[in-house]
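My request is simple: use the sequences and hints to build the entire structure.
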Amino acid sequence: MFVGCCLSARSRKQSMVTLSTAEAEYIALCDLVKELLWYIELLEELGCPQRSIAVHCDNQSAIAIAKNPGHHERTKHISTKYHFVRDQVDKGRIQLRYCPTKLMIADILTKAIPREQFEILRSKMGLADLEI
1 MFVGCCLSAR SRKQSMVTLS TAEAEYIALC DLVKELLWYI ELLEELGCPQ
51 RSIAVHCDNQ SAIAIAKNPG HHERTKHIST KYHFVRDQVD KGRIQLRYCP
101 TKLMIADILT KAIPREQFEI LRSKMGLADL EI
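For the sequence shown, the working numbering begins at 1 and goes up steadily by one.
One or more of the hints may lead you astray.
Label pairs and their calculated CB-CB ranges [what the hints assert, rightly or not]:
1) S20 to R97: 17 to 25 Å
2) K34 to R115: 30 to 38 Å
3) C48 to E116: 31 to 39 Å
4) K91 to E116: 36 to 44 Å
5) E41 to E119: 32 to 40 Å
6) E44 to Q117: 19 to 27 Å
7) A64 to T110: 16 to 24 Å
8) L46 to K91: 19 to 27 Å
In silico BS3-like links for lysine-lysine, alpha-carbon gap of 25 Å or less [what the hints assert, rightly or not]:
9) K111 to K91
10) K67 to K34
11) K34 to K111
12) K34 to K91
Hints in this document: simulated from the structure, not taken from any laboratory.
Every value quoted in this text rests on a predicted model; they were computed, and no experiment measured them.
C-beta: ideal position from N, C-alpha, C; glycine also.
Here it is in structure tokens:
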């Protein structure tokens, strides 16, 4: 969401087999950060300099992988190309923030959720139910 608007929405199967949910989320973060940087550069070219962008993630392990500069037993197999996220966090261009799954707006587009949660997320997107 940027200024209350959805810039991009995508749900797709990842091309790489992952060994954990954290790894899958980390790879998805990399794809998101690449796209965000394109928007940041576009806005800067249009004369709208951008500060650090907040990225919300509902997987604390993926955030820990991105913030931890070392290679560890459980993450050593992750390709270095995905550590692009880590570089952007270190440069201060991206801030990773934890968002509980129940409040993750992206989930409204990617999975079946209970009606109450759907209504909460829908209102967070600035949408309302149209009564006919």
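Go through the numbered hints given earlier and state which of them the structure violates, listing their numbers in rising order.
-> Of the numbered hints, 6, 9 do not hold.
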